[in-house]
Amino acid sequence: MRYGMVIDLKRCFGCYGCQVSCKAEHATPPGVFFARVVKRESGTYPNVRKVFLPMLCMHCETPPCEAVCPTGATFKRPDGIVDIDREICVGCRYCMQACPYEARYFHAKERFYFGAQGPTEYEALGYAQHPTGVVMKCDFCAQRLTRGEKPSCVMTCPTNARTFGDLEDPHSEVSRLIKERGGEPLHPELGTGPSVYYLPA
Amino acid sequence: MRVFTDPFDRLLDDLQETARPQREWVDGRGLLLIMGHFLSGVGAGGWAFASALGFFPGEVASVAIVAASALAHLLFLGRPERFWRMIKIRTSWVGRGFMGLTLFMAASIMYLALRVAGLGDTTGAVAVWGLSLVGAAVIMLYKGNVYAVCRAIPFWNSSLLPVLYVAYALRGGTALLLLFLPWTGLGTAHRLVEVLELWIGLSAGVCILFYLTIMASSSVGARRSVEDLLRGRVAAAFYGGVITVGFVIPVAIGLLNAVTPVSLGALAVVGAASLVGDFYVKYAIAKAGRYLPHVHGAR
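Respectively, the protein sequence lines represent chains A and B.
Heads up: the first sequence at position 8 corresponds to 8 in the working numbering, and the numbers run straight through without jumps.
Heads up: the second sequence at position 118 corresponds to 118 in the working numbering, and the numbers run straight through without jumps.
I should point out that these hints are in silico values taken from the structure, not numbers from a laboratory.
On a predicted model such as this, the values are computed, not experimentally measured, just so you know.
Just so it is clear, CB atoms sit at the ideal spot from N, CA and C, and this is done for glycine as well.
Check the hints yourself; a few may be wrong.
To be verified - In the SDA-like style, the derived pairs of lysine to any residue whose C-alpha atoms are separated by at most 25 Å in a straight line are:
| hint | chain 1 | residue 1 | chain 2 | residue 2 |
| --- | --- | --- | --- | --- |
| 1 | A | K109 | B | R82 |
| 2 | B | K88 | A | G133 |
| 3 | B | K88 | A | D85 |
| 4 | A | K109 | B | G28 |
| 5 | B | K88 | A | T62 |
| 6 | A | K50 | B | V220 |
| 7 | B | K88 | A | D83 |
| 8 | B | K88 | A | D139 |
| 9 | A | K39 | B | T18 |
| 10 | B | K88 | A | P78 |
| 11 | B | K88 | A | E87 |
| 12 | B | K88 | A | F75 |
| 13 | A | K76 | B | I89 |
| 14 | A | K109 | B | L75 |
To be verified - A short list of chain A residues far from chain B (calculated; beta carbon distances all over 12 Å):
| hint | residue |
| --- | --- |
| 15 | M1 |
| 16 | R2 |
| 17 | E25 |
| 18 | N47 |
| 19 | G80 |
| 20 | Q117 |
| 21 | G118 |
| 22 | A124 |
| 23 | G126 |
| 24 | Q143 |
| 25 | R144 |
| 26 | M155 |
| 27 | T156 |
| 28 | K179 |
| 29 | R181 |
Could you put the whole structure together from the sequences, leaning on the hints where they help?
Have a look at this one:
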């Protein structure tokens, strides 16, 4: 079993739904985007093009973040998910420098969306899962997976641009899409073996 | 250069296509890490020279400086109370650095205690001194490697960086000893330290030149970093701190000293300027680091 995701860039039209639903699912603090969409405009009027690149933790096969972690807080689960043990993380942020996908965030101190007003009820509840002084990242919605549900960003995507499944199962939808549509990971030249593939736009 | 007054504006900018600058290891409390890297290099280099020359004040100062660097490192951590967990030395250069620093502190303090007790010439003391040198070597080596293994930041991902950091650590060591000259003198080693300072300083300058030349013709992220250094957001630190204070002033006085001996005060200025330059090298390299861009054609 190795969880993976395929993102169809032809279908993504940059609604940021994944970004918002991820924030709602994980109650991440301001400025933290486990799932985010990077955009790029190219060309000159009237021949312009806009490309959206949804990004998240790539849950690499050989994660550089795991190798550099001095405490062993970053670890790889048997199902391929790269996770962080928040009780062990020392907050050195070396993993953030090592991750080529900028998928990690340091939770320096508690911040709320309404500033001095303090946390909303939702924030007070959600932030309990995010201790300060440690690094945080996408975990493919591990809690949802244990309930047999798909990651929040996959469920939210209105164009079904995201497909989630087992990369080691040759008959899974993700394996089929990668094979038939020529899926490629981001920065394959780095040899990290990402579990997130992109189908060409 | 864009100046952000609101962290949210900055974060929105992060969602753009550009090769984003790294900030965690240089801005805010990140400056403590740079200070820690600077101090640990100076302390380890200082120990190597001071203990080889048997210069006790220099040895004590070196240990104190490494201790200060340990404190700076500790204050940088998000969870300093868990520092003892940083023991994964198999793959992590931070873990190796932590172990090196621990070894150095233990061995150097023990060696100094033996010296004070009049047991400095015993076999045990020599063995402890050897261990302290191993710790100092690890301290000098680990910093450059910490950066160099980060493939995410092309400007750092170079095998030249560890060489540069070792060169600057050794230079920091000689600079530290020069600072003592007006007060203590260094006896017969005086001239040797001057020559070493100049020689290592020139070598470090050449090393930087090679490093920037290679990076300027490297990938997009590395080129952007070089632009930042030469004419962008890090230019003031680079030209002012690294080049003028850290290179031109010490080398000019050093060359003058080679022709006509200058005062001990002037040599102490060489030491101080070299140390300032050493700090700015670390600051500028960290500040100029940019992540790989993700979208083809981004800059």
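Structure versus earlier hints, numbers of those that do not hold, lowest first: none
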